[in-house]
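J.: Guided by the hints, dock chain B onto chain A, whose structure is given.
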Amino acid sequence: MNEKCTVLIVDDEPDLCEMLAFEFELKGFTVLCAGDGQEACALLGEHPVRAVITDVRMPRMPGLRLLEHAKGRDVHWPAFVLISAYPDVTPEQAYAMGAEALFSKPFRLAKLVDTVTALVRPIEERWNARTDGCGMRHLQARSDMWRGKRPVLGRGGCVILTEEAAPVRGEQVSFTMPLADMPFPTLTGSAVVRWVRPASAAGQPAACGIEFTHLADSCRSRFVAWVMDNGDRAYIPALVVCDPAMSRQSPCA
Amino acid sequence: MEHSNEATPHGESEPLSEPARLFGMELLQYRLRFENLIATISAQFISVTPGETDAAIEQSLACIGEFLEADRCHLMLNGMPEGVLTTRHGWNRDGVPPPPAAGTMFKVSAFPAWNAAADNPGPLRVSRQSRLPADSPELTLLRARDCQSLAAAPMMLSGRLVGVLLVEAVIRPRVWDAETSALLRMGGDLFTSALARRDAEERLLLMGNALEAADSGILLCRRDGLVVWANPAVETLTGYACGEVTGGSLSQLHERASWTALWDAVYAGRAWRGEGAIRRRGGEERFEEVSVTPLPGPEGRSSHVVVVKNDITDRKRAEKALRESEERYRFLVEHAPEAIVVADARTRRVLDANTNAGNLLGLEHEALLRKGILDISVRPQPDGSHAADAWDACVRRALDEESVLFEWTFRNALGYEVPCEVMLVRMPSSVGGQVRASITDITSRILSEQTIAEQRGKIIAASRLSSLGEMAGGLAHEINNPLAIISVACEQLRDQLEGGLDDPARALHTVERVARNVGRIERIVRGLRTIARDGSGDPFVERPVRTIVEETLELCAARFQDHCIELRVGPVPGDITVECRATEIAQVLLNLLNNAHDAVEDTGYPWVALDVGCKQGMARFSVSDSGPGLPPGTERRVFEPFFTTKQTGRGTGLGLSISKSLVEGHGGRLYLDTSAAKTRFVVEVPLRQGELRQGGEGEEGDL
Chain A
257 MNEKCTVLIV DDEPDLCEML AFEFELKGFT VLCAGDGQEA CALLGEHPVR AVITDVRMPR
317 MPGLRLLEHA KGRDVHWPAF VLISAYPDVT PEQAYAMGAE ALFSKPFRLA KLVDTVTALV
377 RPIEERWNAR TDGCGMRHLQ ARSDMWRGKR PVLGRGGCVI LTEEAAPVRG EQVSFTMPLA
437 DMPFPTLTGS AVVRWVRPAS AAGQPAACGI EFTHLADSCR SRFVAWVMDN GDRAYIPALV
497 VCDPAMSRQS PCA
Chain B
479 MEHSNEATPH GESEPLSEPA RLFGMELLQY RLRFENLIAT ISAQFISVTP GETDAAIEQS
539 LACIGEFLEA DRCHLMLNGM PEGVLTTRHG WNRDGVPPPP AAGTMFKVSA FPAWNAAADN
599 PGPLRVSRQS RLPADSPELT LLRARDCQSL AAAPMMLSGR LVGVLLVEAV IRPRVWDAET
659 SALLRMGGDL FTSALARRDA EERLLLMGNA LEAADSGILL CRRDGLVVWA NPAVETLTGY
719 ACGEVTGGSL SQLHERASWT ALWDAVYAGR AWRGEGAIRR RGGEERFEEV SVTPLPGPEG
779 RSSHVVVVKN DITDRKRAEK ALRESEERYR FLVEHAPEAI VVADARTRRV LDANTNAGNL
839 LGLEHEALLR KGILDISVRP QPDGSHAADA WDACVRRALD EESVLFEWTF RNALGYEVPC
899 EVMLVRMPSS VGGQVRASIT DITSRILSEQ TIAEQRGKII AASRLSSLGE MAGGLAHEIN
959 NPLAIISVAC EQLRDQLEGG LDDPARALHT VERVARNVGR IERIVRGLRT IARDGSGDPF
1019 VERPVRTIVE ETLELCAARF QDHCIELRVG PVPGDITVEC RATEIAQVLL NLLNNAHDAV
1079 EDTGYPWVAL DVGCKQGMAR FSVSDSGPGL PPGTERRVFE PFFTTKQTGR GTGLGLSISK
1139 SLVEGHGGRL YLDTSAAKTR FVVEVPLRQG ELRQGGEGEE GDL
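Here the protein sequences come in this chain order: A and B.
Going by our numbering, the residue at position 84 of the first sequence is 340; the numbering climbs one at a time, nothing skipped.
Going by our numbering, the residue at position 651 of the second sequence is 1129; the numbering climbs one at a time, nothing skipped.
Honestly, the hints are just simulated from the structure, not real lab data.
Here the structure is a predicted model, which means the values were calculated and not measured.
Careful: at least some of the hints might be erroneous.
As the list claims (entries may be wrong) - These stretches of chain B come out as covered by chain A in the derived footprint (C-beta under 8 Å, 3 or more residues): (1) 967-980; (2) 988-997.
Said to hold, decoys possible - With beta-carbon atoms standing in for the labels, derived distance ranges: (3) A:Q428 x B:I999: 27 to 35 Å; (4) A:D473 x B:I999: 46 to 54 Å; (5) A:E380 x B:L979: 35 to 43 Å; (6) A:G426 x B:A1155: 50 to 58 Å; (7) B:A1155 x A:I379: 56 to 64 Å; (8) B:A983 x A:G426: 32 to 40 Å; (9) B:L979 x A:G426: 30 to 38 Å; (10) B:A983 x A:D473: 29 to 37 Å; (11) B:E932 x A:G426: 42 to 50 Å; (12) A:G328 x B:Q1094: 52 to 60 Å.
All C-beta atoms in this analysis are idealised placements derived from N, C-alpha and C, irrespective of residue type, glycine included.
Excised from the complex, chain A in its bound form (with noise of 0.2 Å):
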């Protein structure tokens, strides 16, 4: 299933590199390993990469950059897992700048696994599983909320405001979100709380950053033709649009 498929491992650790490509070939990629960026930039120009696994910190060009660098060509391909080993770059940072997925070291490698296995799939294909939404928290999306602003929504997840008790960070949620001026009137299905924001001194509300991991079949068409068509690199978007010129004051920038 994953013939063909070339992921390309970013890490100026030899040995993670070595292992992670073992760990990768071994459930059937491609693999083409990179110890810097620009190496990673020179191998991108060269293969049709499906998904990066790139680590942050890294000597002449750093993971960011990177990803910059790719998602500006491609807003879609490559995938980009991070694999961060401090915490350089928060979680809604890093989902704003395009990268969909971001490991901390030392991270499960099984998982790693999985998440670029769901990856490297078709979009279209990404949000059909089945899940039962049994037992797990609502989240209810409410327009109003925005305040005149439109509703945050990226190429894989969105922003809810949450009134109740926040839910944590990797959580499984189920959701119902309305949006009157978008093809779908709304957005419901199940997801996974990627970042939380608590309520801010200056009165701005709670709130959390979902990656969408199923959505319902009514809306689940549509959504996909609007990503596909959408040219915005956000998978899931920070609560502040995150602007281009943020993204370059990153650390390591």
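T.: The following block gives chain B in isolation, referenced to the frame of chain A:
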């Protein structure tokens, strides 16, 4: 010399011849004239007042001179000064010169005959023909008076030679007969009594004047209290005129009720002295010191007493003021915030102390006064000085009118040491040989000084941790990377084991990977231990320079790498060891490297170089960087605490000042090498501490 014991012409009983009858007649006339003369002279002195005495004497001398047909008649008196005869009065016949100046003054002692205090020394008669030794006093007198002959009669009063009456023949020689001597003696006696009376009267007058003029009020009273006489001072003292007081009772001035002791003395005729209040005319109250002295009367009984009064109101008031002033100062001393002790400079005995001194030392006032300074001091003093010598030295300086401030440790009654600051000053010279110590308990000050020292230690620790904090990101990265490798390796190993371990060589390879990465983490943690712990109490231990450098780089290399800063480390000599506190040296190097890192972070193609060498017994580490250099004018200030060129919030400004003190603690130095083109800090640390440290101890010993 012809003495008066030769036969006199008088009293011969032969029948008188005509010449004899004429002689007798002449003699009779002479006698009459003689008697007449004596009567005349006597009469002159009978009614003479003291002021007229001199004139009477002059006149009498003239009478005697004329009578004796002498050329001079002089009176020499003893006194002013005593023992010297001086010519006071004299008569010279017309045409006869007075004696030369040298002859007007003689010492009584030169005339043994008059000087022997004989009951009745005889008169003297001498002429130039006298067969006497040339140096005899008589001839000496004759020559000094420049006369042919002279006769002299001593004037005696109560065995004292008061004067000499002289008659002299100047023009032609003359023999003086016994009649002359007799006349001189009688004249002399008259003069003596006249002079004595004059002196007595003068003395009485003086005494009267003295009493009148005395400041003290003087009253002469009968023993029944009647005032017989009062001097003018009484009026000044009491406001009553002398006339009002005299003839009245003493009770007008001193009431019997309040001056009972005085009155008892007056009635009994005995001496008394005391003081009390009187009321002046008009009611003003004054204080007087009064004495009563009985006047000696016939048969030893006194009929009168002398009352002497002195106003002592001012003295009383001054005493009162002094007493109040003393009370005031006592109050000040008693309630002074510091403990005050007065001690004898020589014996070191405590003479006085205030309440606070008692509180400080835990002793009652009385108990404290039985102590010496050394009894309440720690011996020897904590600085090792001999307590007695140290105290005495301070006392000597205080006695030289210098106030001396020093620290002294007392021991209180419970045996606890009380560190104090003492200000020692000399007491005023009226209470010589005493010093006053004001003592302040400085226990709390010493505690706060200790606290400050502790705070300083904490600041050093904080700065150490702050340099760690600057690297925290790098450290997490450095640890999480090997952890990630280990974690992945574990999962793969489990998969392999579950799958039946078809590739043992690969499994082994994975295990070695794990071991290698565990080693990486270990090294980082060791480096952390080196820098994070407080090494200020560590012994100086020999450590290879290479180890120190490697451990330091282990901590910061990642940070340089992450920020794409090239870290150029020159060759490190492998065989050099430094006797040091490795933690502190590592902290210094780390601080310099971090500073360099921050300085070049935002520049193009940044690099930082660490060079290690060894020169003249010193290990030398230099850190240079590609940065823009220190801003001009800051080179001198970089070692000052809280000076920083970093952005607000990035540096504490303490790193270099602390590093400098750490390096100096090693006997080394940290300096900015201004000769280098790029910013370059140099650390030099002696390879061996031995000699230097011994030197340091020697200095302490001298203190």
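J.: Against this structure, judge whether each hint is valid.
T.: Each hint, compared with the structure:
no. : hint                         : result
1   : 967-980                      : holds (count 3)
2   : 988-997                      : holds (count 4)
3   : A:Q428 x B:I999: 27 to 35 Å  : holds, 34 Å
4   : A:D473 x B:I999: 46 to 54 Å  : holds, 50 Å
5   : A:E380 x B:L979: 35 to 43 Å  : holds, 41 Å
6   : A:G426 x B:A1155: 50 to 58 Å : holds, 55 Å
7   : B:A1155 x A:I379: 56 to 64 Å : holds, 58 Å
8   : B:A983 x A:G426: 32 to 40 Å  : holds, 38 Å
9   : B:L979 x A:G426: 30 to 38 Å  : holds, 33 Å
10  : B:A983 x A:D473: 29 to 37 Å  : violated, 51 Å
11  : B:E932 x A:G426: 42 to 50 Å  : holds, 46 Å
12  : A:G328 x B:Q1094: 52 to 60 Å : holds, 59 Å
This entry does not satisfy hint 10, going by the numbered hints stated previously; all others are met.
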